[in-house]
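Trainee: Below, each chain spelled out in residue letters.
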Amino acid sequence: MKISQEEIKKIALLSRLEVKEDRMASVEKELSDILTYVAELNELELDDVEVMAHAVPLHNVFREDETKPSLDHDLALSNAPEEEDGYFKVPRVVQE
Amino acid sequence: MATIHELHTKLVNKEISAVELTNAVISHKAKVEPVVHAYLSDSHELALASAKAVDEAIAKGETISPLAGIPGAIKDNICIKDHPTTCASKMLENFIPPYNASVIEKLNANHYVSLGKLNMDEFAMGGSTENSALAKTANPWNLECVPGGSSGGSAAAVSSGSAIWALGSDTGGSIRQPASFCGVVGMKPTYGNVSRYGLIAFASSLDQIGPVTRDVTDAALVLNAIAGHDSKDSTSIPGQRVDYTKALVNDVKNLKIGVPKEFFGDGLNADVRKAMDEAIETYKKLGAEIVEVSLPSTKYALSAYYIIALAEASSNLARYDGVSYGLRVSADNLVEMSTKSRTEGFGPEVQRRILLGTYVLSAGYYDAYYLKALKVRRVIKNEFDEAFSKVDLLLAPTAPNTAYKFGEKINDPLAMYLEDICTVPANLAGIPGISIPAGMSSNNLPIGLQLLGPAMGEETLLRAAFTFEQARPDCQLVAPTGEVSL
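So the protein lines, in turn, are chains A and B. Going by the numbering used here, the first sequence wraps up at 96, each residue one higher than the last. Going by the numbering used here, the second sequence wraps up at 1486, each residue one higher than the last.
Bear in mind the hints are in silico, worked out from the structure with no lab data behind them. Please read these numbers as outputs of a predicted model, since none were measured by experiment. All the given hints hold, so there is nothing to weed out.
Think about it this way: if two alpha-carbon atoms lie no more than 25 Å apart in a straight line, the pair counts; the simulated DSS-like pairs of lysine-lysine are:
| hint | chain 1 | residue 1 | chain 2 | residue 2 |
| --- | --- | --- | --- | --- |
| 1 | A | K89 | B | K1090 |
| 2 | B | K1090 | A | K20 |
| 3 | B | K1256 | B | K1284 |
Just chain A, with the same shape it has in the complex (with noise of 0.2 Å):
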């Protein structure tokens, strides 16, 4: 299964990641193996096998509806890059 430079784009902009072009060719080789490798599973016939995303059979864990104490508004900030009044700040979002 070899992906494409194109399909490499547009994944990395979907990741927030920046392929540089110099890399792109290394890129796509690497990720091409794996794919390739993988695509394995296509040899299995699995139409009535039942999709398992998890290992423990738990479901809805639910707890009472209490308040409880909980990281205080400092605390939350205290790892942020810049923060402005008690919020985090980030830069312009919306475009003149």
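Given chain A's structure and the hints, the job is docking chain B onto it.
Mentor: Frame of chain A; chain B shown alone:
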């Protein structure tokens, strides 16, 4: 060999104080660390303060927990409040967790002593610890070889004596394989037996925290301290507390041990195969019944594992966007800021896995890869269930090879992935596994014996591992640098 249980006896008998013991391990660590590099950060002052508190408790005649005052160390993907937790990544190089992982809360209640945080493959992605962006850890048995990974720092620290015990995490073998490479004991508990709250997520349906120790008794003691239900982890299994030391019974008579032929394929190193044959002979002599079993879909486990693990990783690592914590590289707009931060903050293997994970989850490929992998996961789980209806345990090598040289596989990602063949099936099925030392290769590198049990079958695993350990003192070897003088 300094173990938790021996040192606990010395503490209780006042042959040594916890402060003396901690200082002794700190001195030993100062000797071995310049060549092993297992640690990413130290917490010696805190360790000595914790040790002092234990000594005060002993002086007052209080009963201390088996772990109290015994210096250990923690893999650097487990959050400790107010201490750097980096995941061996530039992304989290300056991250200071504002809370403790649940396992750390539990260890605190046991008056644990930690000397610091341990190196690993970045975000636990890798099998050699070479993917760490912050340090290069060597195998204490041969400094030219990798310690395994991703918990390479945990295994190298315990093996070289710079920690008496350690915590690691295992997503596809990341505790068992480095334990095997470094000649120590590594245990992956049943998925859900140990809380993941505060473990920095790689693949949430596969990740599990577990002990790395010098012997099986110590593995039971550490597991006692960290296992049990936690309401902060919704995948935590409810149930009664178990005392795992009760499982340390020197007897395997009436146990049926299955040998799955698919784990003994063509790629298996001849020395590893010989050690497995000898282990099977040992168990036969001890009265266990050995049965050949088949897990026919094992050959597909790697593909299913990598699709699932990478899909989950791409989703979990989306949180590192430069906004609320982690590295930020400035840019004019939000998308560019996130892209630059992630491209600079993540190393090549992490980026590769995010790209692949995003690909297998993207429109048009989701059914072909991800859904198919989840179905294969069911098939693999069913085959384990079928096997465990006939046998109590399975016996297999932990890894097809012993530790390899630095640089040997790092440039071929697929070759590196193929080394995980013996360990990933347990993570897919959520079952427990343990790796114990099973002898040395002809080039003097440790070989690991892996035992797998049914979900919540830790007690049978520990019993069989303990019995092997008692019968085979020839396998209980200490690395050249590993003997701590007290």
